[in-house]
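Peer 1: Sequence:
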Amino acid sequence: MRADRKTTGIMLLSAFFAVMIILAVGCSIESPKSPTWDTRLSIPLISRHYDIYELIDRMAEDAISYDSLGEISISFKQNLDTLIVEAGLSIQDVSENSSHSLGAVTITTPETGNLVLNLTDYVPLAAGEVPDVGFDADMNFDPISEFESASIEEGQLILSVSNYFDLALDSLTIWIVNTANSDTIAEYLIEGGLGIGETDVDTVSLNGALISNSIGLQSRIHTPGGTLLSTSDKYLQVELRFADGLTVSSAVAQVPPQEKNYSSSVELNEIHQLTNAMISAGQIDINVLNSSPLGVDVNIEIPQVTLSGLPLRISGSVPGSGQSSFSRNIAGYVVAPDTEGQSMILDISLAAHLHGSGGTTVAVSASDQFTVETELTGVQFSQADGIFAPTELEIDPVLASLDVPDGFDGVTLTDAVVLLEIYSEAGIPISVDMELNGDGGQFLHTAADLIPGSPDNAGVTHLVISDITELINPLPVEILISGIATAGDGVTPGTVYAGSRVWGQVEIKSPLKFAIGETVIEGDVNSTGIDQGHMDDLSERLLSGDIYGTVTNHLPFGAEVELFLGGDSSSLYSSPQLTVGPVMVSSGVINSSGLVVDAIESDFVIHLSEEDLDIIENETLYIGQRLNLPGTDGQIVNIVNTDYLEIEAYIELITRLGDKSD
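Per numbering that gives the first Met the number 0, the sequence shown starts with residue 0, numbered consecutively.
It is possible that some hints are incorrect.
Stated by the list, open to error - Using C-beta positions, here's what the derived DEER-type ranges look like:
hint	residue 1	residue 2	range
1	His461	Asp92	41 to 49 Å
2	Arg39	Ser97	47 to 55 Å
3	Thr390	Asn456	20 to 28 Å
Unchecked claim - In the SDA-like style, the derived pairs of lysine to any residue whose C-alpha atoms are separated by at most 20 Å in a straight line are:
hint	residue 1	residue 2
4	Lys508	Ser585
5	Lys76	Leu401
6	Lys76	Glu506
To be clear, the hints were calculated from the coordinates, so they are not data collected in a lab.
We treat Cβ as the ideally placed atom computed from N, Cα and C, and that holds for glycine.
Based on the sequences and whatever the hints tell you, model everything.
Peer 2: Printed below as a string of structure tokens:
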């Protein structure tokens, strides 16, 4: 089955990957009797949310009847006067030093060492027979030219031993030692010996070992003996090599070119905690001191300081046991420091390319130092994110005239609300405190915290005020709108742009009520791809299956839901393989005002028969849904933008894993 099969629904990757992995674990060759256990696998079928707008669209034409006014709502709107919010920032000069140890160093891997232990040097031959005998065999390898001494941080020694004695060896132990003091570097014990013509390869860790350039082999060999015509051409071949990637904590050695990475940080010491700022002026100076004997090419990167989306990078060379300085004018860059508590942090990444020793040995140590000295001077911003002290701005008063429709004079709008829609190009927190005063003494006070934005993408704040009786009873002819905006709160970080605007409108809106007739809605068809690669094994282990689902109703009327499952989308509603439902759910919880205040959930469980379970044998399983909305039987209901209907359903399979014999 192709892993990239396309579907319009949910791909069941997680479930079937889990099946494949678990089935693989449950099968092993010649294993002892395995335990069994049951596990549950879920196949999502549908997760569908119908908001009221979609339902109204689908119930269009005769399915929806409006009230006698032919209107959904009545509203009055007035624009607010535009405010301009401006600010600017600069930061104090900062200086920071950091030191970094060179760390473990990769050295040049030594050449392979080979030894041949001739049998004639160790075992006598009498009358064509070699007796049962044990003997010691010692020999030195050629001196290592790649290092004089090395304290190994991490490395491996690989030993290959081939038996050409023409005698079986029932015991063989080899020690690799420093020849100067016979200290053991590595020990190899070949379990069960080594047969005629056999080769054994073993690897030993060198971590923590101290190795000189003169190493040797010591061994203890035992043979049960045998018949030989001659010992002159009989030998034991030993090959010794260091695995690649040999690193040391200290050494006098040849060092190949290699890469090192270090990081440090600079803390911006500011009373304003900045998160993002555009730099209009400033300079960064970095001095790198290198105490190692190796020259190095450095690439310095500060990811929080960027130009056109690319981080600030400075490159150059630093000589061995020397230093180099680098400077950059950073006007036009954007800085976005990380925050840690109340601190603002710039990370400095130093990628060092060590030149290597060029085939000669040098003394290197993990404790060799790189020191990075950083200075940031004269930095100013044209715009900045940060924390700003509160600043009050007056909202110029505006007079709104209410154009009341005919027949609404003196009407009490018990369901009316005030809607505030305010746009902010300022990225800092802004709170507004507003008063609405009617010409007949009507009054409303309200406050709101605005969503920050930018000149390219203004933040939009929507505020709904439902308790407005004192403003609209009776409806005024004119309303005076005034107030204060407070930019910044001294706590929350935000962005300031030159010329940032704040504007918006006030709307008084009253939703009207309407009745709904009986409606049938067929939803979109979803599909789920089912990988059939392991279906035979899954079917053998399948115990049972059920469909679990929940219908959540936040509508002021009840609903019936049916699900249709099958392998053919064209006949899904006319001839499905499996039909679920209808599932009935009553209306949401309605308060005294006729509004739904809480959703009602209807859970259902459908046990799947053996025939029903055939649906999982479809490579593509299609799922449709049908909603039957019985309507309100002529009763007037309140429908608001928060009403919805949700359908969730999935198949749960119970399978038995482990030994199939159980």
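Peer 1: A separate judgement is required for each hint: does it hold in the structure or not?
Peer 2: Do the hints match the structure? See the list:
1. Our hint of 41 to 49 Å for His461 and Asp92 holds, since their Cβ atoms are close to 44 Å apart.
2. Checked against the hint of 47 to 55 Å, the pair Arg39 and Ser97 passes, with Cβ atoms roughly 53 Å apart.
3. For Thr390 and Asn456, the hinted distance range of 20 to 28 Å is satisfied, since their beta carbons lie about 23 Å from each other.
4. Among the hinted pairs, Lys508 with Ser585 is inconsistent with the structure: their alpha-carbon atoms are about 29 Å apart, more than 20 Å.
5. The suggested pairing of Lys76 with Leu401 holds, with an alpha-carbon distance near 8 Å, which does not exceed 20 Å.
6. Proximity of Lys76 to Glu506 is assessed by CA-CA distance (about 4 Å); at most 20 Å being required, the pair is judged to hold.
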